[in-house]
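Work the whole structure out from these sequences, hints included.
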Amino acid sequence: LAAVVSLLTLGLPPDRPSVHRPDRMALLTLAKNPRLLFFFGVQALHWAGVMYFNVYLSIHTRSLEMGIAVPSFAIFVSIAAEIAAFWVARPFITGHRARWALVVVMGTSAARWLVMSMTEDAWLIIAIQVIHFFSFGVWYAACVVRLSDFGPPAQRGALQGLFAAMVFGVGG
Numbered sequence: 006l007a008a009v010v011s012l013l014t015l016g017l018p019p020d021r022p023s024v025h026r027p028d029r030m031a032l033l034t035l036a037k038n039p040r041l042l043f044f045f046g047v048q049a050l051h052w053a054g055v056m057y058f059n060v061y062l063s064i065h066t067r068s069l070e071m072g073i074a075v076p077s078f079a080i081f082v083s084i085a086a087e088i089a090a091f092w093v094a095r096p097f098i099t100g101h102r103a104r105w106a107l108v109v110v111m112g113t114s115a116a117r118w119l120v121m122s123m124t125e126d127a128w129l130i131i132a133i134q135v136i137h138f139f140s141f142g143v144w145y146a147a148c149v150v151r152l153s154d155f156g157p158p159a160q161r162g163a164l165q166g167l168f169a170a171m172v173f174g175v176g177g
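Basically my numbering = 1-based index in the sequence shown + 5.
Hints in this document: simulated from the structure, not taken from any laboratory.
The reader is advised that the hints may include incorrect statements.
No farther apart than 20 Å at their CA atoms in a straight line, the calculated lysine to any residue pairs in the SDA-like style are these [said to hold, decoys possible]: (1) K37 x F173; (2) K37 x V135; (3) K37 x M171; (4) K37 x A163; (5) K37 x M121; (6) K37 x W118; (7) K37 x G156; (8) K37 x D126; (9) K37 x V47; (10) K37 x V175; (11) K37 x A170; (12) K37 x S153; (13) K37 x F155; (14) K37 x A115; (15) K37 x A49; (16) K37 x V120.
Predicted, not measured: the structure shown is a model, and the values here were computed from it.
Quick look at the structure:
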């Protein structure tokens with residue numbers, strides 16, 4: 006699959022160098038915004054929960070004496086759901102919808118954990134991974150939309166870089 010995707014990228018037009026460089030002082034001002042820092046903190050907590058879920062999945066299935074195929078298929082389903090979310094979620098998540106999407110994401114992530122902790126059925130463990138559509142795919146798309154509330158379009162890339170550093174760095 007990776008080879009096919011790599012070959013498909015050969016048909017993409019070449020990148021044009023950016024003529025705009027973000028102002029470092031403006032980035033420093035962004036990084037001091039308390040609303041943005043709070044947003045990063047909440048999202049880092051969510052990411053920490055999702056990240057540890059990945060570790061918990063294999064520990065949980067092993068404690069239930071399930072074979073390696075169960076977490077393997079579960080991870081396959083979660084990645085497929087994540088890719089589907091990236092593909093379809095962005096047009097639906099705009100403006101204020103992004104805020105509500107983040108609330109829904111937090112709830113569905115908690116539901117995923119709850120079901121996982123209570124079940125011993127391999128097929129349910131695999132099927133529940135579809136919720137990763139929300140817990141990561143919709144979450145990430147909504148975060149990217151929400152970042153536009155914190156700075157002008159010219160700083161979108163810088164905001165996404167700060168987001169990645171703060172959320173994935175602090176959150177794990």
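Right, here's what the structure says about each hint:
| no. | hint | in the structure |
| --- | --- | --- |
| 1 | K37 x F173 | 18 Å, holds |
| 2 | K37 x V135 | 37 Å, violated |
| 3 | K37 x M171 | 13 Å, holds |
| 4 | K37 x A163 | 14 Å, holds |
| 5 | K37 x M121 | 38 Å, violated |
| 6 | K37 x W118 | 34 Å, violated |
| 7 | K37 x G156 | 12 Å, holds |
| 8 | K37 x D126 | 47 Å, violated |
| 9 | K37 x V47 | 16 Å, holds |
| 10 | K37 x V175 | 16 Å, holds |
| 11 | K37 x A170 | 15 Å, holds |
| 12 | K37 x S153 | 16 Å, holds |
| 13 | K37 x F155 | 11 Å, holds |
| 14 | K37 x A115 | 30 Å, violated |
| 15 | K37 x A49 | 17 Å, holds |
| 16 | K37 x V120 | 39 Å, violated |
The earlier numbered hints that this structure contradicts are 2, 5, 6, 8, 14 and 16.
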